[in-house]
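Peer 1: The chain contents come next:
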Amino acid sequence: MIMPQQAIAAPLLSVRGLTVSVRDRGVVRPLVSDLSFDLRAGETLAIAGESGSGKSITSLALMGLLPANVAVTGGTLMLDDTDLAQLSEARMRPLRGARIAMIFQEPMTSLNPVQSIDAQLIEAIRAHDPVGRTVAREQAIEALRQVRISEPARRMGQYPHELSGGMRQRVMIAMALALRPALLIADEPTTALDVTVQREVLDLLRDLQARTGTALILITHDMGVVAQTADRVVVMQAGRMVEEGPTTRIFAAPRAAYTRDLLAAVPRLGAGAARGAPPPPEAPVPVARLSRASVHYDVGANLLGRPTHRVHAALGVSFDIRPGETFGLVGESGCGKSTIARALAGLVPHEGLIEIGGRPLSAMSARQRKEIRRDVQMVFQDPMAALDPRMKVGDAVEEPLVIHRIGTPAERRARARDLFRQVGLGDDQMSRYPHEFSGGQRQRICIARALALRPRLIICDESVSALDVSVQARVLALLQELKDGLGMSYLFISHDMAVVENVVDRLAVMYLGQIVEMGTRDQVFGNPQHPYTRRLLEAVPVPDPTRRSRGHLRPTGESPSPLRRIGDPPAPAALIDTGHGHLVAPHSA
Amino acid sequence: MVEAAPIPAQAPLAPAGVLRRLMRRKLALFGLAIILTVVGGAILAPWIVRFGPNEQLFDGLTLQGAPMPPGGDFLMGTDLLGRDLFSRMLYGARTSLIIGIVANGAALTIGTLVGITAGFLRGWVGAVLMRFTDLMMAFPALLLAICLAAIFQPSLWIVAMVIALVNWVQTARVVYTETTSLSEREFIAAERTLGASRARILWHHILPHLVPTLIVWGTLGISVTVLLEATLSFLGVGVQPPTPSWGNIIFENQTYFQAAPWLVFIPGAAILALALAFNLVGDALRDVLDPTQRGRD
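In the order they appear, the protein sequences are chains P and Y. Using full-length UniProt numbering, the first residue of the first sequence is number 1, and each one after it goes up by one. Using full-length UniProt numbering, the first residue of the second sequence is number 1, and each one after it goes up by one.
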């Protein structure tokens, strides 16, 4: 009987009982305990888990790059017949890059910003392979061609900041694969990338792997990415493996309760339609109205110190937010969605008309602007950054009341206590500092602070994007519950189409500072008209391994630049109504 | 699936708590002991010493006219004029403490005000303030101090003022940089969306974050200002003789360093010990005041 070749081949990497511990002030605490898995050549293994699950520590242990106070304290890491755990730094170094390569999350920080691409690629090749400069250069150009970067010879002379995020990650992949390693570890390789770029990079990785036979360990928190790329999955929680198996089986019939919860929390496109409630009707006075609102930044300087170029971060944006509705603003990084949020919150100056409750922002005095703050509040993406680390969270929630001189100290305390309970926190936690809470709890504190002034509109700028999926699901439920109870409106800004589909009533899609499509959730998601909207929707990784999309591999070039010469603004596109208020920008497709 | 369990509740950060937590640090206690000794010695000097600081003692010199080494009647020996060094050290501590604390504190305050205003307001106000700071930095500090001291009648308080007017520039630069980066942080944007006034943001959200930097600069500044005072005294525009200060004791005697090393070594060691003590206490205070460090000691 002939077995398939993969089944007989000995595993390339065999991890047995891996335990990694941190030593903190004399106390040894395990970060990863008793982890075992095998990996064969040409296979893709996903290590999935939420933050603190130990997935990144596992990859660093494999590379021998653990921080100084962290060490492998048990188990074996057999790569062929070498135990990586026993190797000294001097004997590990030649393996790194040549046998095991790694790609990190943030391509900008893992490339040296002051070295050109060719210098970095050639150095990486020559560090392990004693070839001449010209040969190495040819190999480097070939590697860039392999990762489908357009005009590889010209790219060689460029610096990292001249490339887009997706291109930088491709350069990292080219660098990692230039020496044909047996094992490639990708630690959240697409998390920092836009969804359309993520799709391209994942397709590329899959294609390269099929051609080179490299084994791939993919570390990710995104179950959509797992479903689209992995052959097998290891699910980790708090340093332990909770489940291991083929991707199809894990998604079809998860055995561990944690895996089931994790999969249930993943937002899916199409789940929002089931909610089915129509958006609230148009009101005579919208909560907020933007009419041809624009924001621009000037950059560069000529000899006289006058700016030469202008970034049109938002151009001619018009929409209104009705009382009691959730209005979504979606688009990729740099499309201007956060700029609109900041203009609405009065953080950046704008042109055109922005009205809050029927009153234009630009015509207000400083005093009226302060008053309007009570109506519009903002919840930021990163709750740790948005809270003053030296202020107790109870004081932070009370602060808006202090600023607007509302109530006596005792009343304010009581209100803060109510708010803490409202967002699901205990009022005994009020005298702690932000760093003593988890990410989800901190975001709840930010929500409590935003609620303190009883606003009519809360701007959620990527407010759940930095949270783990299970926490994200609960924060979204909290936002929905608060809206139902208090009758506020939300401006919900996100790059995540699945999350947006699950929460919004109406939405606008932005591209390069302009709205390209706007309508109700059912209109935009059910019948997307603009090619960019369709591309966004297609790129969302579906958390279902049986519905894998075969992407088309196309070379990547420059992305269109939002930078324009002064006096040469882009033409604002007029939206066309295609029926029932479904507005679409004119397009060629 | 459970959000990380919160750390058990701790006592709020009350002043009594700060002191108690400071007391638990051995190095801080050591520093505090040195500071208290110096301060106590300076205050109680008239009751401790046997001879006046400016008294030229008959038996304070050897028959050949050389100063007496430490020991016997003179705990720290005598100087070139036969004055008791111990007495001069204690009285000199008064001068040096005033310079190190008052002058340095004033310099720190000026620097903080300039830096924080320029960093938060930016625009032309910030540009003018920082260009002025750069100008002061480029100007030789000693020359400026000599000019200022020459204009005014030299006295201890004038010297303190001159030192403050010269020494604020580094603090202003550092505070400016920190303030600009702090005002870009998201929690400041969050405060602005709440409608907080500029004064409130500065006082409640920027100043507390500058405390660690100010403590470090403040403690480093003590030794710098004490030595600057000595330099000024040496050039004749500082504290006028015969009033002792640690700095001018060193400068008066440095030419006889090989014959009478204690005359330079003892005041030098005193300056070092005082600066070190302030550094240790400052370091500990910085950690104790930082809420994110709580529960780590």
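Read the hints as simulated data drawn from the structure, not as lab findings. In this text, a Cβ means the ideal position worked out from N, Cα and C, and glycines have one as well. Please note that the accuracy of each hint is not assured.
To be verified - Listed next, with one range per pair, are the computed distances between beta-carbon atoms:
(1) P:Pro94 - Y:Leu144: 56 to 62 Å
(2) Y:Gly105 - P:Glu162: 58 to 64 Å
(3) P:Pro30 - Y:Ala273: 41 to 47 Å
(4) Y:Leu113 - P:Ala256: 57 to 63 Å
Stated by the list, open to error - Short derived list, chain P residues pointing at chain Y, Cβ under 10 Å:
(5) Pro11
(6) Met384
(7) Tyr433
(8) Arg548
Peer 1: Taking the hints in turn, state whether each one holds.
Peer 2: Hints, one by one, checked against the model:
Our hint of 56 to 62 Å for P:Pro94 and Y:Leu144 holds, since their Cβ atoms are close to 59 Å apart. Between Y:Gly105 and P:Glu162 the C-beta distance comes to about 49 Å, which lies outside the given range of 58 to 64 Å. Checked against the given bound of 41 to 47 Å, the beta carbons of P:Pro30 and Y:Ala273, roughly 46 Å apart, stay inside it. In this structure the supplied range 57 to 63 Å holds for Y:Leu113 paired with P:Ala256, their Cβ-Cβ distance being about 60 Å.
Interface hint at P:Pro11: violated, since its Cβ lies 31 Å from the closest Cβ of chain Y, which is beyond the 10 Å cut-off. At about 9 Å, the closest approach between the beta carbon of P:Met384 and any beta carbon in chain Y falls short of 10 Å, and the interface hint on this residue holds. The restraint placing P:Tyr433 at the interface with chain Y holds, with a minimum CB-CB distance near 4 Å, inside the 10 Å limit. Interface restraint check: P:Arg548 against chain Y, minimum CB-CB distance 28 Å, threshold 10 Å, status violated.
Hint compliance for this structure: hints 2, 5 and 8 are broken, all remaining hints hold.
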